[in-house]
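Number of protein chains: 2
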Amino acid sequence: MDSFKQIEGGVCAAKGFKANGVHAGIKKNSEKKDLAIIYSESLCSVGAVYTQNKACGANITVSKEHLKDGKAKAVICNSGNANTCNRDGVEKAKEMCKLAADVLGIDEKDVAVASTGVIGVPLNIEPIQKNIKTLIDNLGHSKEHAQNAAAAIMTTDTFMKEIAYEFEIDGKIVHIGGMSKGSGMIHPNMATMLAFVTTDCNITSEMLQKALSEDVKSTYNMVSVDGDTSTNDMCVVLANGEAQNNIINKEDDNYKIFCKALNMVNTYLSKQMAKDGEGATKLIECEVINASDIKLARKIAKSVITSNLVKAAMFGCDMNWGRISCAIGYTEDADFDINKVSINVGSKYGEMNVYKDGYGVEFSEEEALKILKEDEIKITIDMNCGTSKAVAWGCDLTYDYVKINGSYRS
Amino acid sequence: MDSFKQIEGGVCAAKGFKANGVHAGIKKNSEKKDLAIIYSESLCSVGAVYTQNKACGANITVSKEHLKDGKAKAVICNSGNANTCNRDGVEKAKEMCKLAADVLGIDEKDVAVASTGVIGVPLNIEPIQKNIKTLIDNLGHSKEHAQNAAAAIMTTDTFMKEIAYEFEIDGKIVHIGGMSKGSGMIHPNMATMLAFVTTDCNITSEMLQKALSEDVKSTYNMVSVDGDTSTNDMCVVLANGEAQNNIINKEDDNYKIFCKALNMVNTYLSKQMAKDGEGATKLIECEVINASDIKLARKIAKSVITSNLVKAAMFGCDMNWGRISCAIGYTEDADFDINKVSINVGSKYGEMNVYKDGYGVEFSEEEALKILKEDEIKITIDMNCGTSKAVAWGCDLTYDYVKINGSYRS
Numbered sequence: 005m006d007s008f009k010q011i012e013g014g015v016c017a018a019k020g021f022k023a024n025g026v027h028a029g030i031k032k033n034s035e036k037k038d039l040a041i042i043y044s045e046s047l048c049s050v051g052a053v054y055t056q057n058k059a060c061g062a063n064i065t066v067s068k069e070h071l072k073d074g075k076a077k078a079v080i081c082n083s084g085n086a087n088t089c090n091r092d093g094v095e096k097a098k099e100m101c102k103l104a105a106d107v108l109g110i111d112e113k114d115v116a117v118a119s120t121g122v123i124g125v126p127l128n129i130e131p132i133q134k135n136i137k138t139l140i141d142n143l144g145h146s147k148e149h150a151q152n153a154a155a156a157i158m159t160t161d162t163f164m165k166e167i168a169y170e171f172e173i174d175g176k177i178v179h180i181g182g183m184s185k186g187s188g189m190i191h192p193n194m195a196t197m198l199a200f201v202t203t204d205c206n207i208t209s210e211m212l213q214k215a216l217s218e219d220v221k222s223t224y225n226m227v228s229v230d231g232d233t234s235t236n237d238m239c240v241v242l243a244n245g246e247a248q249n250n251i252i253n254k255e256d257d258n259y260k261i262f263c264k265a266l267n268m269v270n271t272y273l274s275k276q277m278a279k280d281g282e283g284a285t286k287l288i289e290c291e292v293i294n295a296s297d298i299k300l301a302r303k304i305a306k307s308v309i310t311s312n313l314v315k316a317a318m319f320g321c322d323m324n325w326g327r328i329s330c331a332i333g334y335t336e337d338a339d340f341d342i343n344k345v346s347i348n349v350g351s352k353y354g355e356m357n358v359y360k361d362g363y364g365v366e367f368s369e370e371e372a373l374k375i376l377k378e379d380e381i382k383i384t385i386d387m388n389c390g391t392s393k394a395v396a397w398g399c400d401l402t403y404d405y406v407k408i409n410g411s412y413r414s
Numbered sequence: 005m006d007s008f009k010q011i012e013g014g015v016c017a018a019k020g021f022k023a024n025g026v027h028a029g030i031k032k033n034s035e036k037k038d039l040a041i042i043y044s045e046s047l048c049s050v051g052a053v054y055t056q057n058k059a060c061g062a063n064i065t066v067s068k069e070h071l072k073d074g075k076a077k078a079v080i081c082n083s084g085n086a087n088t089c090n091r092d093g094v095e096k097a098k099e100m101c102k103l104a105a106d107v108l109g110i111d112e113k114d115v116a117v118a119s120t121g122v123i124g125v126p127l128n129i130e131p132i133q134k135n136i137k138t139l140i141d142n143l144g145h146s147k148e149h150a151q152n153a154a155a156a157i158m159t160t161d162t163f164m165k166e167i168a169y170e171f172e173i174d175g176k177i178v179h180i181g182g183m184s185k186g187s188g189m190i191h192p193n194m195a196t197m198l199a200f201v202t203t204d205c206n207i208t209s210e211m212l213q214k215a216l217s218e219d220v221k222s223t224y225n226m227v228s229v230d231g232d233t234s235t236n237d238m239c240v241v242l243a244n245g246e247a248q249n250n251i252i253n254k255e256d257d258n259y260k261i262f263c264k265a266l267n268m269v270n271t272y273l274s275k276q277m278a279k280d281g282e283g284a285t286k287l288i289e290c291e292v293i294n295a296s297d298i299k300l301a302r303k304i305a306k307s308v309i310t311s312n313l314v315k316a317a318m319f320g321c322d323m324n325w326g327r328i329s330c331a332i333g334y335t336e337d338a339d340f341d342i343n344k345v346s347i348n349v350g351s352k353y354g355e356m357n358v359y360k361d362g363y364g365v366e367f368s369e370e371e372a373l374k375i376l377k378e379d380e381i382k383i384t385i386d387m388n389c390g391t392s393k394a395v396a397w398g399c400d401l402t403y404d405y406v407k408i409n410g411s412y413r414s
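Read top to bottom, the protein sequences are chains A and B.
Counting in the working numbering, the first sequence runs from 5 upward without gaps.
Counting in the working numbering, the second sequence runs from 5 upward without gaps.
Check the hints yourself; a few may be wrong.
Unchecked claim - With a Cα cut of at most 20 Å, we get these calculated SDA-like pairs of lysine to any residue:
no.	chain 1	residue 1	chain 2	residue 2
1	B	Lys344	A	Ser46
2	B	Lys407	A	Cys321
3	A	Lys58	B	Asp339
4	A	Lys407	B	Lys377
5	A	Lys9	A	Asp174
6	A	Lys377	B	Ser411
7	B	Lys58	A	Val365
8	B	Lys344	A	Arg91
9	A	Lys19	A	Lys36
10	A	Lys58	B	Lys299
11	B	Lys58	A	Ala338
12	A	Lys72	A	Ser46
Said to hold, decoys possible - Some chain B residues close to chain A (C-beta under 10 Å, calculated; not the full set):
no.	residue
13	Asn57
14	Asn90
15	Val122
16	Ile123
17	Ser311
18	Arg327
19	Ser329
20	Ile332
21	Thr335
22	Ala338
23	Asp400
24	Gly410
Bear in mind the hints are in silico, worked out from the structure with no lab data behind them.
Using N, Cα and C, we set each Cβ at its ideal position, and we do this for glycine too.
Work out the full structure: start from the sequences and follow the hints.
Here it is in structure tokens:
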């Protein structure tokens, strides 16, 4: 069977996973948590993808090194400081792993590290040294523990992002859950922003990596808040095998079921990140259908979702579809006939066709306004030249985006 | 000699060129001009580059057809309506050429047409029919006539953009002048926004096209206001030969002098467009030096100038250089060592080094604020891996950009 049931518990939903989050003092505001941990006593298979930004965070360098054997037991993550472009960055990222490993009594090579926050400010390691024992002594597998962790990785996010599902493989109940954070400098490229997924599925590192690498193409990599690809993007999936299904070591039906579950978690977290984009008031979903191939579909969906002009028009509830056709038209390295394209814009209120066969279609401004007043907008682009499709997620461009980013460091 | 003297007169600075601009009624506000013309009685060599957006304006289709012989006498341009994605767009663009040609008594194939404004609203041709005679009857070669034309091509621009130079070829005085408009949907790709350049230089169409195609790579194509490549971008250079220099028909020294003059005009107009980007309070110039090749230099300069996060930080006078190193790092298809890169940020007030060898450099926040309070900011990126360089121009991202584009159509 392949039915999936949404459950509570985020990264603690899967058997054998514990988590926690505390305020250590990296962020000034003592109400805000800034240090998170995820831990599995059983050694996990690991899949991971990282930012391709050349100015990558020190945590990326260290995590790549620690996870190259495809195995891990824990992830330590701080918010409030990206530990990027700092002379002592790698040293401090390693120190974070060692601090966690020592208290957990495990090998530091089995710890991945993630950091998010301002770039270029030296990371103060003291708050982590002082609070690592409290953090780990209070590890637990309740949904509250998962929420502590999800809260501790937030920066400008306005809400926590977590999800979990239960499904069956070989008659065994398997769980998968994840958490993520946005919400600016979000335009992942072949990698992703911070996302952590845990599962008790029994699967090899190789198959887990394959599943993740394929899945991010249609999930995290299809999100854009501002077109800026971060230095610290990272997604890690930990699978500890405690569900005791027969190990997944090839692309069989069980692998497909697992991929489906992974996709559901990643899709949910991706949409939440777009919805919580800095300053956003609206989630914009752009679906491209009937494209000649999936690469074209993805490129066009992302071109539209990334357009500042489309984003600003959505903020203003202005059905300025000319900006959508414009963004379709300037998609790089894309081969298609604009005169076959049709554009629909819709929401909970309803849907309307605004562009067909290369030209505008007359529509009621009043109805258009009612559609765009909703907080989730769906743009559907029919390429009429094939059968491939793709979805991208973004948000509107608002005064608050400018406000948040005009003074991020202060 | 190759000394260049800045003179008045814009597109009327070159011998034999006349221009004018009026309010015809395409824009509602009767204080705003919306119809412009440039005319040379002598047949001109023409160079032209166009947007590569697949959803291109009807004027682009018609101009390409009319200019394919490399010859023209006039350009007609309206603002207030892009005449793009309209079922009768091509018909109306042709009608605009015919209206101008009939009054001028020339062949409509010798008229280029440009349109700028909202996409997808049918163009009302009546105001043009009614005012074409007044427009042309009052053609003149004074600087006021050039200004009338420069004003009539503006949309959300806040000031006119025009420039002219005088220089010598073969002992003959040659003039070149141009005008352009921005100011949103500005991210030209292998083409340009609206820019019109006139010169009395004697040069073949072939050499003129070669000079222009090469020059836009380092001028208009290095400008970005919002990352959105317009449907109607177009740059036309008209050369009527009235300076009577020996015709330029090969890449000799005279060709180089002409290229230098063309570059000065196009560079000035490019910078003005960036400075007048929608909602902008600051011009941002990004110079990449010591790159391994010019393509890399251009890509990196443009990546930085296009970053929403860099733009918002500049608006907030926040020396958040991490966003600059981040934008350098995510430059697509770029091969370089981030650990060799050095970043300086400066203005009229002074300059400071903020990043060196892959790491941040300590600096005074007080001094940084004084640098960033100025209205022209220069970011210099030393790649330390070669001798090539490039400059890109952009502007800050402000509340007003969002305001202007949240309700452009209303």
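Here is how each hint holds up against the structure:
With a CA separation close to 42 Å, the supplied pair Lys344 of chain B and Ser46 of chain A exceeds the 20 Å bound. A hinted pair counts as satisfied when its Cα atoms are at most 20 Å apart, and Lys407 of chain B with Cys321 of chain A qualifies at roughly 12 Å. With a C-alpha separation of about 9 Å, the suggested pair Lys58 of chain A and Asp339 of chain B falls inside the 20 Å cut-off, and the hint holds. Only pairs whose Cα atoms come within 20 Å are accepted, and Lys407 of chain A paired with Lys377 of chain B is accepted, the gap being roughly 17 Å.
Restraint check for Lys9 of chain A and Asp174 of chain A: the C-alpha separation of about 17 Å stays at or below 20 Å, so the hint holds. Only pairs whose Cα atoms come within 20 Å are accepted, and Lys377 of chain A paired with Ser411 of chain B is accepted, the gap being roughly 14 Å. Between Lys58 of chain B and Val365 of chain A the CA atoms are separated by roughly 19 Å; this keeps the pair inside 20 Å, and the hint holds. Distance hint between Lys344 of chain B and Arg91 of chain A is fulfilled; the C-alpha atoms sit about 13 Å from each other, no more than 20 Å.
Restraint check for Lys19 of chain A and Lys36 of chain A: not satisfied, since their Cα atoms lie roughly 28 Å apart, outside the 20 Å limit. Taking the CA atoms of Lys58 of chain A and Lys299 of chain B, the gap is near 18 Å; set against the 20 Å cutoff, the hint holds. Under the criterion of a C-alpha separation no larger than 20 Å, the hint pairing Lys58 of chain B with Ala338 of chain A is consistent with the structure, at around 9 Å. Distance hint between Lys72 of chain A and Ser46 of chain A is fulfilled; the C-alpha atoms sit about 18 Å from each other, no more than 20 Å.
Nearest Cβ of chain A to the Cβ of Asn57 of chain B: about 4 Å, under the 10 Å cut. The hint holds. The beta carbon of Asn90 of chain B comes within 6 Å of a beta carbon in chain A, closer than 10 Å, and the hint placing it at the interface holds. Restraint check, Val122 of chain B versus chain A: the minimum CB separation of about 7 Å is within 10 Å; hint holds. The criterion of a C-beta within 10 Å of any C-beta in chain A is met by Ile123 of chain B, whose closest approach is roughly 3 Å, and the hint holds.
For Ser311 of chain B, the shortest C-beta to C-beta distance to chain A is roughly 6 Å, which falls under 10 Å, so the interface hint holds. With a least beta-carbon distance of about 7 Å to chain A, the hint placing Arg327 of chain B at the interface is held under the 10 Å criterion. Hint status for Ser329 of chain B relative to chain A: holds, with the closest Cβ pair at about 5 Å, below 10 Å. With 10 Å as the threshold, the beta carbon of Ile332 of chain B comes within range of chain A, its nearest partner Cβ sitting at about 6 Å, so the hint holds.
Using the Cβ-Cβ criterion of 10 Å, the hint placing Thr335 of chain B at the interface with chain A is satisfied: the shortest such distance is roughly 8 Å. Hint status for Ala338 of chain B: holds, given a least beta-carbon distance of 8 Å to chain A, under 10 Å. With a cut of 10 Å, the hint placing Asp400 of chain B at the interface with chain A holds, because the nearest CB-to-CB distance is about 9 Å. Given the 10 Å rule on beta carbons, the hint for Gly410 of chain B holds: about 3 Å separates it from the nearest Cβ of chain A.
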